[in-house]
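Protein chains in written order, with our numbering: chain A, 1 to 1264; chain B, 1 to 341.
Just so you know, these hints were derived from the structure itself, not from any lab. Check the hints yourself; a few may be wrong.
[To be verified] Quick list of in silico lysine-lysine cross-link-like pairs, DSBU-like style, CA-CA up to 35 Å:
| hint | chain 1 | residue 1 | chain 2 | residue 2 |
| --- | --- | --- | --- | --- |
| 1 | B | K25 | A | K1225 |
| 2 | B | K25 | A | K164 |
| 3 | A | K1154 | B | K11 |
| 4 | A | K1244 | B | K25 |
| 5 | A | K164 | B | K11 |
| 6 | A | K83 | A | K183 |
| 7 | B | K25 | A | K1177 |
| 8 | A | K1177 | B | K193 |
| 9 | A | K1067 | A | K1244 |
| 10 | A | K1253 | B | K193 |
| 11 | B | K25 | A | K154 |
| 12 | A | K1235 | B | K11 |
| 13 | A | K1071 | A | K1177 |
The structure presented is a predicted model; accordingly, all values stated were derived computationally and were not measured.
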Amino acid sequence: MAEAPSTNGNNPDYLSTPTNEANVNRTSSVLTATRSIQNFLQFKKRRIRSEGKVRTLVNQRLFYDNECQICDETDRQLQQIRKLHKTYAKNKIQTTKYTVLSFLPKNLFEQFHRFANCYFVLIILLNFIPEIGAIQPFLSMTPVIAILLVQAIKDLFEDYGRYKSDREVNFSEAEVYRSFDDKYHKLKWADIQVGDIVRVVCNSVIPADLLLLHSSDADGICFIETSNIDGESNLKQRMVVKRHWEHSNPNEFHPRDFKSIVECQTPNNEIYKFHGNIIPPNNSDKIPVNNANLLLRGCVIRNTDYVEGIVVYAGHETKAMLNNNGPRYKRSKLERRMNTDVIYCVVLLIIMCLIGAIGNGVWADIQDNIPQTQLFIPPEENGNALNPALSGFYMFWTMVILLQVLIPISLYVSVELVKWAQVYMINNDLDLYHEETDTPMRCRALNIPEDLGQIQFVFSDKTGTLTENQMVFRRCTVGGVDYPHAANAARIENVEPTPDFIHPDHTKHHPENDLSRGDKSRLSYRRPHSGSIRPHHRRNLSTVSKGLEDGVDGVDGAILSRSVPNSPSMNRKNMSTKRPAAHHRRNISSVSAKEVLNSIAHGSSEIIAQEAQEQNELYDQLPDEDLETDVTPDPVLFEQLTSIPNMAKYGSGDTGYKLSVKKGRIMDFFINLAICNTVVISNDSEPSEPPPTKVANNSERYKMSGDRQNHLEQQTVSGKVHFQEVNSNNSASASPDGHAKLTNEDLSNIRYEAESPDEAALVYAAHAYGCILSHRSSSGGMETVTITLPNQEGTLTFDVLCKLPFDSTRKRMSVIVRDPRTNQVTLYCKGADSAILSLLSSNQPNVGFNVEENDDDISNKTSNCFEVTDATRKFLVAYAKTGLRTLCIAKRSLSENEYMEWLTQHKEAEQALDGRDELLMNSFYRIEQDLELLGATGIEDRLQDGVPETIESLRQAGIQVWVVTGDKQETAINIGYSCRLIHQKDEVITLNSESKEALSELLDIHIKAQEEKRNIPPDEDQRNSILNFNISFILPNSTTYPFIDDKDNDALVLVIDGKTLGFALQKDLQKKFVKLARLCRSVLCCRATPLQKGEVVKLIRDELNVMTLAIGDGANDVSMIQVADVGIGLSGQEGMQAVMSSDYALAQFRFLRKLLLVHGHWNYARLASMVLYFFYKNAAFVFLIFWFQFFCGYSGGNMIEQFYLLLFNLIFTSVPPLINGVLDKDVSQETLLKKPYLYSQGIKDEVRTHNFKVFMETSFQRWR
Amino acid sequence: MSRKPENTAFKQQRIPAWHPLLTAKSVFPTFLVVSVAFIPIGVVLLVNSQNIIEIMHDYTDCTSVEDNSVLCSSVRLNQSRMEETCTCQINVSFDTSMSGDVFMYYGLTNFFQNHRRYVKSRDDNQLIGQHVTQSTVSSECLPFAYLPNGTVFAPCGAIANSLFNDSFTMIRDTTVVPFLQTGIAWPTDYSQKFNNPSPVNDLSQAFSSYIRPLFWQRNVEDLDTVTSNSGYQNEGLIVWMRAAAFSHFRKPYGRLDRSSSEFENGLSVGNYIINVSYNYPVTAFGGHKRFILSTTNWMGGKNNFLGIAYITFGCVCMCIGVLLCCLHYHARKRHVVHVDK
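All chains should be modelled from the sequences, with the hints used to inform the complete structure.
Next comes the structure, spelled out in structure tokens:
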């Protein structure tokens, strides 16, 4: 590490505050640069010694140029940095373990790390001792050499693969700036160093972790696709470091001019975290840089012509490489058992050897007394007979060599091979392949495939695991008024009528009756299969409908006006904005009112029915994408929104026009939906040009638009009101500004890429209402968001002052913007209801609005009036009960002073390198207060395919299924019903308590009640009952089913919320909780934090000593996945964090069924019988030799030729167990799926004895 | 590029498999079939074995021909009389003729030829015809490898050293019954594992640099008068060098020479005298010596075990089969069984 001169050592807090000296000398940029380098070098030195948390780097160019403007004095400093640079990893990667030279020693060394190989060597060494040697020493080496060779070849093969891919990567080319001719050169990736300035063009892969310095985009943003790292395919936006070019033109970046020093964290593997500062040479304020400025190695540049950046981490120090920690190793249960079996073998071996040794001693002693035995007992070399004791001692070791086969060393190799084959089989299963996402099953842990066959508890996340995590905006409430979005519900609802399986108790007491029928059946929504829709269907539909509804303005209008009486006949185009690909959107809309149509046509001709049928088919064929992006607005709300005149001008003073509270709230509500997010607006993956122009240049898009225009024409013919007409009706006064150049087509073409799907759902919802997030730009470090208003009234451009990103502790995100209408600083916040409702201001806020209309309607009351909040709360509960995810939408108006005060503190927090997260969090808490509630949204998350069936199967298999979710209790219970985790007749125990004592009491009561009910003696050891519960499938009448759901008996379901769970997980209540939970058929844990999820799994795993499986898809499931014996990650919408920490990656929850019931059972049965086979063949062999000892005078002789003895395991008997382990099927796949209870053999660990047991049962059944 | 797995029978695990569910019904026929097959086989084997004529005589405690009051065994026990010869006479008579090939065996009991150190104590290189010296002779032979002066034993090792050296002469009336001491070793042993050192045509020269094992009375090249059966290629030696698996064993000594017309059909009924030159000491370690004459047939020598084993196993299978059969039909009458409903 570089030794920096310690000239100025008394500046401990350099990073957080610039030195005074530096400030004084601001005029002399040269000097300050010097100073700062000096200072930072000291800092560097100290830091490296103390914590080593900071890496510093400068442009590589500074090392090679003489023209650098830093004066001579600093050359020494530059040398120091240069030295530091040398300590950083180069961009060349080498993932190979060996080189040509090091292969042999290194590989041997590694192999001898294994216990098995050492055992072999010990045996060989013993063989070299003449008194002991049972087998010719050199001959005895053959098996070891063979095994080492096989292993070495396998290692070599693997390493060669790595070498090839390394080479490919290292030899890829990238453009790197070189100063000698002031140009970018094509260099190999391997030659890139930290501090190099690299240019990456569109659609190429980023060669190292870059700090983004310049982008071809005028706003300084660029888009990257991170699918190589986290599997998320949506585009992410990255921004150029703010203000680093302050002195020059932002759009004319030249690597020559970048003289700043970059300091950042030392390499770490946190992909989503990056902090650092840029220290400009003129020593103005340090510029904080963060994750948004960092381009990670392996990502691909999209939608941007080129970017330039400085390499901060290279090669193995890049975040992607540090995160790449290879396959995981776990010990499976069977393997653990196998180890104890091996220990038994060792004990047995020792006993046999002792018998041999003692026998030998005694025999030798007897023979000693008889003359002439030297005829067959050769004396020692010196001619004397051996001392019997010594002879016995030698004999012991001879026997060890002779009976070594009993310790099945080759078993480990065989088991590994078998598992490898089993994993291969699982990976290649077509049934576990998800066609839509092209995702096959992926086994990340290679050595626990048989654990899948012994699972007793499944812990599942809800969102994204049981449900699709494809969020659809369902309904909302604004200012205490519910807007049910009936048409939207109908649209989302599946055509298939599904039985209403919701427990009456849970549907009866809805506060609002208008929760439509769809709300209930919606839960069983089946994902339609994608397909194209033939145009004539559309036309047919229109014609028929037209014929039917003569005199009404077309199908859609008719439907709407019927379904919602007070809705105006509205332009469909305006009603639901569509993505360009959704050229069949009109079908969606018409079907949305399918029921209405049907009810109108009730009893009429068959043709109508046929048509309805046809529509159903059409509906079935919708690609699900559109369900997400399409929203059919609620007519009432839409009317209210569009009736607001002069939206863009409101509050600007010159009109003097004031909005009613109600309308202002609606307005704010949609503005919040549109801007309070981090979605990326994208049109297509075309490079260059900022979005608006790009759209205009996109000829293909035009073509598509033209197509749409045709359709539009068609509709006009069928009685449709043309868009322009509506437009002129509603908003004559609209004066579109520059941004309004976007044609209507372009606006509806907009696509949003969001990191979390509910974010996108909300933006799409706002889009549907005409509040279109149309442009995001960040120029000169100032970010602006532009939204297009409904009714073509123009646009609003908000200056984004600050973004407070979402995190799981706060459970909310906010943006602080300057409202162009009032010029007021406003905070828009959205988040979980629990996170928002507690932050509402208690006093009457919002004096800015005058009450214009004097309605009695509560929606005109100021927002935080008790009634509004209370009504909203009620709706939240109601939404949750129908399984919707709820978000609260709130805002806060800030005074200029308030804001400025907060901002200074916030900036300090931002610049801190240590504890920045905590400081930022505090800062967020300071500003997110006194919120004014605008409303709430309900987003639907549909159940995945096959979830109820899967859960049913798992339960029949004897697996207890728990759902551990962060969602609300009501939502969770509802999902519980819909996925058949809870049956109609089930008794649901809900545990909600505020204190530990209360919970303790509650638990006692419930346990007692249940025990009485089931006549379980209270003191019976429950553990036994769970381990021995017996599902006899041969004679079902002969056994009891304490856990399996008897259709006649009510089962018990436990529901516990996060807070209560916290108490239950404490030491003293654990036992009671587990006791009660064990009586239940399933348990739902709601509002559980990620940590609690892990704790629950751990508790059950340790307390009941059972095999657990955790399945989840999000980062919040990681702890659970890691704790469980088998962790399964769903490669869904929420990134790859769950997958990265999992043992198995699935695409769909329903695959779990086959994975466990078929693969799990097979793997377990195969491996169990293989292990047994192995022990058997070895034991048969060894006992034969042992038996022989009684006949050969305990001399360690054997009756088998040495070659055969040694090759017995290696050649003669190695393949049959392997084949048995890979291909055996004890029960066919179909039977296993049909009869899930067969799985319980694995749980009870009785596959080994199963056949015999069945035989005995069937033979002697009469006497049972 | 799709990551869709291939739809092949192997990858989708559609290769046919059969895993019978064992029930009384499915199992009892197998038992019956096995018993039906095994019992006749056992009977055939047993009858064949019974047809073999075997004459065995334990001559451990025979008296000396020279001095009727002395047991030959006691002569051999006495170290001082080691050089004396002692001959026994065994009278054998049989009432059925031994037709076909007749083999003469000697049998030893309590002789642990399977002792590990004994088995190891040989030098295969030497036996294959290589010349060995004190430095190249296998250390396994020790302490029977060489004399203190460095002369190597030919052959070395404990097995060779303890070569069985009784000899048998069978006399009928006055004619010596001709027994050949060739054709009794494994052909492969004779041709592959045992060869004389060069020059093979002058054995006395070939073995001139070696000395005979300590217990031997003759040199290895003098084991037989015929060159092809002397030296390491002496079949008696080869037979002895193939160590027996148990401490009670028999080894072939010779086979009847059926080339003369008199013994063309084997040994006819009558009285025979067998002169045994009693050299091998066995009483010292509690062993016994036997002399055996036996005919053979297609299944080898006399061996009742195999037939009895077959019959026993067949009977057991029969019992189990019948039991299961009864269980099955009995149970079916009483119960309607729901297997896997």
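Going down the list of hints, with the structure as the test:
Between K25(B) and K1225(A), the direct Cα distance comes to roughly 22 Å. Compliance with the 35 Å bound is thereby established for this hinted pair. Of the supplied pair hints, the one linking K25(B) and K164(A) is violated, its CA atoms being roughly 60 Å apart against a limit of 35 Å. Distance hint between K1154(A) and K11(B) is fulfilled; the C-alpha atoms sit about 15 Å from each other, no more than 35 Å. The hinted pair formed by K1244(A) and K25(B) meets the criterion: a straight-line CA distance of about 27 Å does not exceed 35 Å.
Between K164(A) and K11(B) the alpha-carbon distance is near 27 Å, which keeps this suggested pair within the 35 Å criterion. For the hint pairing K83(A) with K183(A), the CA-to-CA distance comes to about 25 Å; that is within 35 Å, so the pair holds. Restraint check for K25(B) and K1177(A): the C-alpha separation of about 29 Å stays at or below 35 Å, so the hint holds. Straight-line distance between C-alpha atoms of K1177(A) and K193(B) comes to about 32 Å, which keeps the hinted pair within the 35 Å bound.
For the hint pairing K1067(A) with K1244(A), the CA-to-CA distance comes to about 29 Å; that is within 35 Å, so the pair holds. With a CA separation close to 53 Å, the supplied pair K1253(A) and K193(B) exceeds the 35 Å bound. Simply put, K25(B) and K154(A) have alpha-carbon atoms about 48 Å apart, too far for the 35 Å limit, and the pair is violated. With a C-alpha separation of about 23 Å, the suggested pairing of K1235(A) with K11(B) holds against the 35 Å cut-off.
Our distance criterion of 35 Å between C-alpha atoms is broken by K1071(A) and K1177(A), whose separation comes to about 44 Å.
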